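Engineer: Here the structure of chain A is known, so what remains is to put chain B in place on it, guided by the hints.
There are 2 protein chains.
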Amino acid sequence: MEETEPFDNLTALEELLQIHFHDRALLQRAVTHHSCCPETAVQDSYDTLEFLGDAIISAHVVEHIYRSFPEASEGEMTALKSEVVSRRILARVGQQLGLFPFIRINLSILRTFNERSRDSLCTDVLEALVGAIHIDQGTAAAQEFVTRTILPMVEHINSQTLETNPKGHLQKIVLQRSRSLPRYRVLEQSGSQNDRIFLVGVFEHETLLGLGKASSIKEAGRIAARQALEQLPKKKDLS
Amino acid sequence: MEETEPFDNLTALEELLQIHFHDRALLQRAVTHHSCCPETAVQDSYDTLEFLGDAIISAHVVEHIYRSFPEASEGEMTALKSEVVSRRILARVGQQLGLFPFIRINLSILRTFNERSRDSLCTDVLEALVGAIHIDQGTAAAQEFVTRTILPMVEHINSQTLETNPKGHLQKIVLQRSRSLPRYRVLEQSGSQNDRIFLVGVFEHETLLGLGKASSIKEAGRIAARQALEQLPKKKDLS
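So the sequence lines, in the order shown, correspond to chains A and B.
Position 68 of the first sequence, counted from 1, bears residue number 68 in our numbering, the numbering being contiguous throughout.
Basically our numbering = 1-based index in the second sequence + 1000.
Hints were generated in silico from the structure; no laboratory data involved.
Keep in mind it's a predicted model, so treat the numbers as computed, not measured.
Ideal Cβ placement from N, Cα and C applies to all residues, glycine included.
Treat the hints with caution; some may be incorrect.
What the hints assert, rightly or not - Pairwise CB distance ranges, derived in the manner of DEER restraints: (1) B:HIS1022 - A:SER117: 42 to 50 angstroms; (2) B:GLN1171 - A:SER117: 28 to 36 angstroms; (3) A:SER117 - B:ARG1088: 31 to 39 angstroms; (4) A:THR147 - B:ARG1024: 24 to 32 angstroms; (5) A:CYS37 - B:ILE1197: 24 to 32 angstroms; (6) A:THR147 - B:ARG1177: 32 to 40 angstroms; (7) B:ARG1177 - A:ASP23: 32 to 40 angstroms; (8) B:LEU1010 - A:ASN114: 51 to 59 angstroms; (9) A:PRO152 - B:SER1068: 47 to 55 angstroms.
As the list claims (entries may be wrong) - Footprint (simulated), chain A over chain B, 3 or more residues, beta carbon under 8 angstroms: (10) 1055–1065; (11) 1072–1080.
With the rest of the complex left out, here is chain A (with noise of 0.2 angstroms):
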């Protein structure tokens, strides 16, 4: 399997990265897998730098989500979270930096590689090379990885709810704001029989929020309720 061979360049990787290591070992350590080193592992494979660059990028992404959501509850800033810091999302991270052919690891002893094990590796060493930037870096380099390389999930997941559900996602607002449901009324039936046009509005007590056309109730709530979501006050206090 000629991909997985490491290029062993740790020069090429601290390009990836725009990171220079003062200490190149901790970065190779970074990338190596314990099947490279199964007599020390403890001391030479990234088992322990993914320990501390979970719990950091973890922090920095709750930060993140309290700094930007600040009208989020608990509850959704917690599923934000975890999705955000979920292994699928990490390795989708870790694959498109380009970490793969860099992670150091023998394959012989592993039983099966497919891709799933290729994102476990990515996953483990992004968070292994946060962990080793932190220390070799210090805390303000991690934070601007992080900030450069994961945190931009918390935007795209978060716009995808949005997306995807956007009368989900209006009604947790409205219901936190307001204890009240939005509700969605019919203001208007144009077309011939078969090809109806609905106007369908969206309201919170008496206050329209957004508006919605289409050829379906269900559909012109769903835009309805997208607009509104787009009309609403953005709060944003990023420091």
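Structural biologist: Quick look at chain B alone, frame taken from chain A:
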């Protein structure tokens, strides 16, 4: 219940924390249970600050463990961290700090109130205070506060468990993950009558977790437990 009345004295609390807040509303919020503000809990109670503080405490505890025990395995680090950031231990820290009298809570809406509620509130508020300090005073101040109040527990717990009681430590972990107790079996005896060597294995169900060899069964068991702890598989969240 006079003793549960809050002093409502932020200055005294600042003295206790040895921190002077820029934004005292944030400090007030960090000690306010949502029972005091059911209508505006998301904005005015400590819930989201607690969520933030929890992640920050974990990161500092993990970093401290990583730096203090460079020879520990990821399994040992995980076990130690879980214990330090457990609600039981954080409650003890909060109680010892003397946080309880400062907590604002509406007792009339709580069904029961006992020593456990008191512990639980102290845990919450300790976490929320770390979140508030992090936001109000910055990363370094929060780290300093955690170093002063929580990190001493790392050494305390480590000396209690890892070194003195590997069997108890292993039992906790095995109980937690498989609801069974680890079993110790003498696998081999060798040596002469007065110079016996015992080989003891520790098992989780039928899986061998570790081996130990010593001149007493008890000591061989301890060594087996320590080996098992070193080789603990890593916890992974679902992907």
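Engineer: Does the Cβ pair THR147 (chain A), ARG1177 (chain B) satisfy 32 to 40 angstroms?
Structural biologist: Roughly 35 angstroms apart at Cβ, these two residues keep to the hinted range, so it holds.
Engineer: Verify the coverage statement for the region 1072–1080 of chain B against chain A, using a C-beta to C-beta distance below 8 angstroms and requiring 3 or more qualifying residues.
Structural biologist: The restraint on the region 1072–1080 of chain B holds, since 5 of its residues have a Cβ under 8 angstroms from chain A and three suffice.
Engineer: Test coverage of the region 1055–1065 of chain B by chain A using CB-CB distances below 8 angstroms; three residues minimum.
Structural biologist: Coverage by chain A holds for the region 1055–1065 of chain B (7 residues, Cβ < 8 angstroms).
Engineer: Take a look at whether the Cβ-Cβ distance between SER117 (chain A) and ARG1088 (chain B) falls inside 31 to 39 angstroms.
Structural biologist: 37 angstroms, holds
Engineer: Starting from the hint 28 to 36 angstroms, judge whether the C-beta atoms of GLN1171 (chain B) and SER117 (chain A) obey it.
Structural biologist: At 32 angstroms between Cβs, range holds.
Engineer: Could you see if the CB distance from ARG1177 (chain B) to ASP23 (chain A) stays within 32 to 40 angstroms?
Structural biologist: Holds - the Cβ-Cβ distance for ARG1177 (chain B) and ASP23 (chain A), about 35 angstroms, lies within 32 to 40 angstroms.
Engineer: Take the C-beta atom of LEU1010 (chain B) and the C-beta atom of ASN114 (chain A), compute their distance, and say whether it sits inside 51 to 59 angstroms.
Structural biologist: Holds, since LEU1010 (chain B) and ASN114 (chain A) (Cβ atoms, about 57 angstroms apart) stay within the stated range.
Engineer: Holds or violated: 24 to 32 angstroms for the Cβ distance of THR147 (chain A) and ARG1024 (chain B)?
Structural biologist: With a Cβ separation near 29 angstroms, THR147 (chain A) and ARG1024 (chain B) satisfy 24 to 32 angstroms, so the hint holds.
Engineer: 42 to 50 angstroms was suggested as the range; check whether the CB atoms of HIS1022 (chain B) and SER117 (chain A) agree with it.
Structural biologist: Distance hint for HIS1022 (chain B), SER117 (chain A) holds at roughly 49 angstroms.
Engineer: Go ahead and decide if the range 47 to 55 angstroms is satisfied by the Cβ distance of PRO152 (chain A) to SER1068 (chain B).
Structural biologist: Taking Cβ atoms as reference, PRO152 (chain A) and SER1068 (chain B) lie about 33 angstroms apart, which means the hint is violated.
Engineer: Mind checking the hinted window 24 to 32 angstroms against the Cβ distance between CYS37 (chain A) and ILE1197 (chain B)?
Structural biologist: 30 angstroms, holds
Checked against the numbered hints above, the structure breaks only hint 9 and satisfies the rest.
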